[in-house]
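Peer 1: Here is how the chains run, residue by residue.
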Amino acid sequence: GDSVTQMEGPVTLSEEAFLTINCTYTATGYPSLFWYVQYPGEGLQLLLKATKADDKGSNKGFEATYRKETTSFHLEKGSVQVSDSAVYFCALTNHNNNDMRFGAGTRLTVKP
Amino acid sequence: DVKVTQSSRYLVKRTGEKVFLECVQDMDHENMFWYRQDPGLGLRLIYFSYDVKMKEKGDIPEGYSVSREKKERFSLILESASTNQTSMYLCASSFTGLVAKNIQYFGAGTRLSVL
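Residue numbers (this note's numbering), protein chains in the order written: chain A, 1 to 112; chain G, 1 to 115.
Bound-form chain A, shown alone (with noise of 0.2 Å):
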């Protein structure tokens, strides 16, 4: 079935440093893909997403780019910020149904 595999956290940057979260999917035909954000305390939220092979979404200076060839969707910003220290999960949806997948999660922790 489809799956989600993101890299394992958790991961510690300084503020204003380069953040690279990896996620690589398997799914059948061309599914649509998601990054949500859980900041401690709170639900899920969606930080962007991607419909089809090469779209890029961003939000927040956050960005994604689905590239179908090598069946990822890594999540970069160029610059952290202590607020942006969460929980990121990388997820996708088939266009056949409205089930959605989740990798395990990312804790990311931003020091001053």
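Hints listed in this document are in silico derivations from the structure and should not be mistaken for laboratory results.
Zero decoy hints are in this set.
Derived, one-sided and incomplete: chain G residues facing chain A with beta-carbon distance under 8 Å: (1) G40; (2) L41; (3) G42; (4) L43; (5) L90; (6) N102; (7) I103; (8) Q104; (9) F106; (10) G107; (11) A108; (12) G109.
Simulated restraints, written as ranges between beta carbons of each label pair: (13) A:E42 - G:S113: 10 to 20 Å; (14) A:K52 - G:S8: 32 to 42 Å; (15) G:E22 - A:P112: 38 to 48 Å; (16) G:D38 - A:Y39: 11 to 21 Å; (17) G:N84 - A:S58: 39 to 49 Å; (18) G:D59 - A:L13: 31 to 41 Å; (19) G:D28 - A:P112: 42 to 52 Å.
Each residue gets a CB set at the ideal place from its N, CA and C atoms; glycine is no exception.
Once you have looked at the hints, place chain G on chain A.
Peer 2: Chain G in isolation, oriented as in the chain A frame:
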């Protein structure tokens, strides 16, 4: 803004108790979901519902049941709580539409401890 509200942020229950977790959404979404979140395992789907009175099993339905009597409300029921059901429970909803399809909106979660 879409709002998904879970009735409790924290619950402590005893083994064998019947537990109800309630979720309400205010955007007239057709689809509603219950997940549990455990460290290192991400989110695992327990049950989902595409319509009133309709339910489908997810990946880990054992020990759980659900109820959807009204479109805006989706309840998760632990018939006889056990310690291995201690977890964070997340409710989500989504709209079935061509453009907005598949984006799920989440509640803040209920952290359940079963003693």
